[in-house]
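Student: Letter by letter, the chains look like this.
Protein chains: 2
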Amino acid sequence: METSSVRSLSQLSFFLPKPNRNKSYPSWPCKKPRTTQPTRLYCQKMYVPGFGEASPEKKAAKNMHDFFTYIAVRIVTAQLESYSPEAYEDLMEFLSRHSLNDGDKFCAALMRESPRHKGLAMRILEVRSSYCKNDFEWDNLKRLSVTIVEESNIRLMRDYVVETSPATESEK
Amino acid sequence: METSSVRSLSQLSFFLPKPNRNKSYPSWPCKKPRTTQPTRLYCQKMYVPGFGEASPEKKAAKNMHDFFTYIAVRIVTAQLESYSPEAYEDLMEFLSRHSLNDGDKFCAALMRESPRHKGLAMRILEVRSSYCKNDFEWDNLKRLSVTIVEESNIRLMRDYVVETSPATESEK
Chain A
1 METSSVRSLS QLSFFLPKPN RNKSYPSWPC KKPRTTQPTR LYCQKMYVPG
51 FGEASPEKKA AKNMHDFFTY IAVRIVTAQL ESYSPEAYED LMEFLSRHSL
101 NDGDKFCAAL MRESPRHKGL AMRILEVRSS YCKNDFEWDN LKRLSVTIVE
151 ESNIRLMRDY VVETSPATES EK
Chain B
1 METSSVRSLS QLSFFLPKPN RNKSYPSWPC KKPRTTQPTR LYCQKMYVPG
51 FGEASPEKKA AKNMHDFFTY IAVRIVTAQL ESYSPEAYED LMEFLSRHSL
101 NDGDKFCAAL MRESPRHKGL AMRILEVRSS YCKNDFEWDN LKRLSVTIVE
151 ESNIRLMRDY VVETSPATES EK
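Chains A and B supply the protein sequences, listed in that same order. Going by the working numbering, the first residue of the first sequence is number 1, and it counts up by one from there. Going by the working numbering, the first residue of the second sequence is number 1, and it counts up by one from there.
By construction, these hints were calculated from the structure, which means they are not laboratory data. Mixed in with the good hints there might be a few duds.
Since copy identity is lost for identical chains, a pair holds within one copy or between any two.
Stated by the list, open to error - Quick list of in silico lysine-lysine cross-link-like pairs, DSS-like style, CA-CA up to 27 Å:
1. K118 x K45
2. K133 x K118
3. K58 x K133
Bear in mind the structure is a predicted one, so any value in this text is a computation, not a measurement.
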């Protein structure tokens, strides 16, 4: 079964509102262009367009929400397999018919399937709340994310240099 | 343009290894089943199967990585639109031909497109690193995620009660 619960994180178009182009700036602006525009509040952070009244954090949190539902389903499925094979079969059968892309939609459908399924849904809600608050290592997420970005940047630049430097090949 | 850079977060199958079913447990186990199995290390956390040697945090971090690339592209695009319309057109044209699903693949292709595009790619790498480390509000992500899970749970249960309680309707 395939799921894609966080697909929407970047399903945003690149349409941007037209800014004032009358001013001339260097081709690489400093990171705080807002400070040059008196109508905008001073902010140390880079301007991220396209999120309206939401924020990148809100967008990411919504996708983490679907991720936590997915994790909760995995946890409950594994528990059921050991302790209640009948309930495990019920849940697996339901999973084969319903997508986990939208965690809340999945839970709402599970609650309405039958009284037995409703028990499973309540368990999933309980587990995702507990997992999000107690088990998920948020500090670790930040640390791993920063590491992955740094390592990826180095790898991309190194690969490019190796690929575009014939001298490096001949020196071997 | 549509992108789905974090699609892979939950593209995992629900295949689970078969555990020992000889023991009998209550249908709802306590949250630390591992402590009853002497071959496993004691752990306060719920067991999340299916991540092999990785972890949910690692999986989430990989998807945050693609999200940060997406954010960086948005930031750079907005900056270019104000300061360098030619570079903006270059980037938008490239975006129309390449998917942002895999951020690193996108950057690698952008670097190799032309020397001008390489400059854009380097800028995107720089911005995603800076954004991830300095601008993104990690504490806010955790706070929002917990809030969304709690509110969603309450809403799902309330909707179910309202829907399945005809008495509530007649009392109005």
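Student: If a hint holds in the structure, say so; if it doesn't, say that too.
Tutor: Hints versus structure:
1. K118 x K45: between (45 Å within a copy, 24 Å between copies)
2. K133 x K118: Classified as within; 23 Å inside a copy, 42 Å across copies.
3. K58 x K133: both (17 Å within a copy, 17 Å between copies)
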